[in-house]
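Chain order of the listed sequences is A and B.
Numbering (the numbering used here) for the first sequence: 169 to 714.
Numbering (the numbering used here) for the second sequence: 680 to 860.
The reader is advised that the hints may include incorrect statements.
Unchecked claim - Here are the computed lysine to aspartate or glutamate pairs in the DMTMM-like style, where the Cα-Cα straight-line distance is at most 20 Å:
hint	chain 1	residue 1	chain 2	residue 2
1	B	Lys698	A	Asp554
2	B	Lys767	A	Asp554
3	A	Lys191	A	Glu221
Bear in mind the hints are in silico, worked out from the structure with no lab data behind them.
Here's the letter readout for the chains.
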Amino acid sequence: MIDKMDMFSLFTRSFEETKEVSKFLHQIGCCIRCILRNLGELNPASYKLSIEELENMLLPAESRTTAENVCPCPGCLGILQKFTETAFLNQIYLKVKEDGFQFSDYQCSLVLPVSLIVRQKALYIYLLNKFGETYKGNEDKLASVKDVWKWSCGFKLANILGSRFQNRSQFDILMTFQYKDSDKECAFLLDYLPDVFKKRKQRKFGFETFTRANVQKAVSDMTYSKLQDCTSCPPLIPTVECTCDISCSHEAVFIAGRYLKFSRELSQTPWLIDGKRIMEGSVQELICEPIIQMFKPTDHKLSSSGREDVDVRMLGLGRPFIVELVNPHCVQFSLEDLAALQKRINNVSKDVQVRDLQIVSRKDTNLLKEGEIDKTKTYTALCWCDRQLTEADVELVNSLKEITLQQKTPLRVLHRRAAATRERSIHSLSIKSLLPNNRFTLELTTQAGTYVKEFVHGDFGRTYPNKSQILKADCDIIDLDVEAVNVDWPPLVEPIESGTLKIENGQDNCLNSIETRKDNCVDEKETKEICLNENETVTKSCKEEG
Amino acid sequence: MIESDFESPLPHRSNHNDKPPSVIERYFKKRYKTDNKYEDQLVLTHSNRVCVVCVANSHPLIEQKKSVTSVSFGEEGWNRLDNKFSGKSKRGAQWLDCKAPLCEVTCSDGTKYTLVCCVKGQLIEVNENLQKTPQLLIDKPHGEGYLAVILPGLKWFEHEMKQLKSEEDYQNELEKRLHNS
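Just chain A, with the same shape it has in the complex:
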C-alpha cells in the first residue's frame, strides 16, 4: 500500500505526516475524497479510485467506512460520497433518458450550496492551525468539490450514458444541490457585514441573501481569527443531507436559409389582435413547424433580414432568415437530412418556399444582423398615376439617381414605432413599362429601412420627396414585390438529393444513443455488474499509471 502512495503528489512532506493529516480529517468526519483533496492532490486520475481503494491507502483498517458509520462529510456535504455512487449516476441516466435528448458527448455543471464556501474556508483554517508549515499559502491549491466530482464520476457516467465526457459540450447535465442549512450556516455574515447582506433581502434579488459571489468575497475579506470566532473550525458534521435536482439542456442550434413568399395574404408572423387571429397561417409557422418536429426544441425564434408586408411577395433568391432552436432534443442530422427537411417545408404550402437551408454557428448569426444595416433591397412596384405618363416622364424618372428621402414614420406603423423623420436613400429608380389605365411598373433599389409604399403615394406628404411630387400628379401603389434582399449570407447551397431517409421517425433516431443501451439501471443485479466492471477498469488503469 505504501508504495502506491507515490502516485499522489501531496503537500505533506512525509508519509507519516500524510497519515497524521488523514487521521485528523477523518476524525472530524471528512470523507476519503475530501481527505485526498485537502492533502493537495490535483491529479484527476487519483480520484478515479474507488472509496474503498482510497481508504485502504490512507486510513488505518479500523477507520474504514462501513455501511453503519457513514455520515455526510463536513467538507463536501456528502456530494463526494452518496452522490458519486452508481445509484445516483443511474438516477441521472433515468432523467436523461426521460428527457429524450440526443447527444454524442456531454458536460456536467454542479451548483453547490453556498455554505460550502464557508465550510471549505473553515476546514483550511483548521488544517493551517494544526499543520501550519505544510498548509501556509496553499489555500488556492486545493481541488474543488466540483472538480473532484467530475474527476470521480465523469468517466463512470459516460459509460452509463454510452457517451463521452467533455469539459465543454453542447449538452449539459445540470445538478443543483440543495442544502437546507445553507443560509443558517452563512447567517453570521449578516451580523458581520450587515450592509452587504441586508440589501440583498429585497425583491429584486429574489429574496436571496447569500449568493456565491457575496459570500465568497466576504469570506476572503475576513481574517482567519475573525472567522474562527464566528464559525466552527473545523466545520461540523451536517445534520441534514443534500438533495439534488437534475436537469438537462442542449445549446441552441441555428438554422439559416432564405424564404420566398408568393402570397399577398400571408403575414410574416402570426397576426393576432387581442389574442384573436386575423389571418390564417404565417411565414413563420409554415417554416418553423417542420423544423420543430425534427429538432424538438423547447422554444424557437425566427428572425429575418427585415420583413415584408402581408400583401407583398418575396421573390428572387428570397429573404435570409435564421431560426433559433432553444434547447433542441434532436441535433444529429446530415446534409441529406436537411435537404429532406427543406423539401418537407416546401411541401407544406405553395405560398412559402425555402432554399439554402443549413445549420450555422451562433457566431455566424451576427452576419444576418450586420447585413441589416448596410443592405439594399430591390423592388418592383405596380403603380398608378392620376394622368397618362409620357416618354418625357419616363426619361425624367429614369435619370434620377441617389434620391435622399426625409421619411416620417409612416402612419400605418406610427402606433408601434417611435415618431421620427428618417433619412433614407433610393439608390436607383426606373419605370420599366407603361401599362393601360395609367398604370406603370417601377423598379427601385433602396437602402434598408425605406418604406417603399410611402415613397410612391407620399403618405400625406410625410415622405418627401415622393413619386407624386416627382411626377407632379397623384400616384399610388397597387402591388409590390421584393425582388432581392442584397445580403451575401447565408451561403448558397447546391441542391442535393435528399434520398430516402429515416428522419420520418425522428423520435426513434433521437433516442438511439441511449435506447441501444440495456435498460440496466432498473435491475439491481445488472447495476452491480456495471459497478464491478468499473472497478476492474480502474484497477487496470491504476496499475498502468503506477
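For this one, chain A is given, so just place chain B on it according to the hints.
Same frame as chain A, now just chain B:
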C-alpha cells in the same frame, strides 16, 4: 450566381378599374365632427388607432374656397409646436381634449377660424408644412393639407370614435342643413 430554383413570378394581382382605391379608401375610416357654425372637420382613422385630423369639405374654408394667409399652431395659452416626446409610447406628448384648439387659420378676407383636435389623445405631429404653404389646406384638405396626427388612448378609443359622426350621419346632416337654409 445560382439562378433561383423557383418558377418565374406570378402575374401581379389584376385590377382593371380605371382608378384603384385611394390610400384613404384602403386604410382609413372617415369620421366627422360637425358644428352649428358649419365649421366641420374630418378625422381619418387608421385601423391601428392613428387619427389624421383634417378640414371637412363642408367647412367654410373649403366651401367658399378661401385664400389662407397663415396657419398658426400656437396662440396665447397654447402651443402645439412645443411638443417633445420619445419612444414607442410617445412619452411626454401633449394630451389634448377633443375641444382643444389645434391651430388658428387666417384668411385674406380677414376671417379667422380655430380648428380643434376632434379626438382626445396624444398629439403626435402637426403639419408644419402648413406654416410655409398654408394654401395646401384648401388645395389638398385630405392629403398633404392635413392638420395633425393624434393617437387616442387605447381606453378612450371606442368612446372617442362614438362621439364622431359616420359618413352616413354626416351626409344626412348636410341634407338637413340644405333643407333648413
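When the hints from earlier in the document are held up against this structure, which numbers fail?
-> 2
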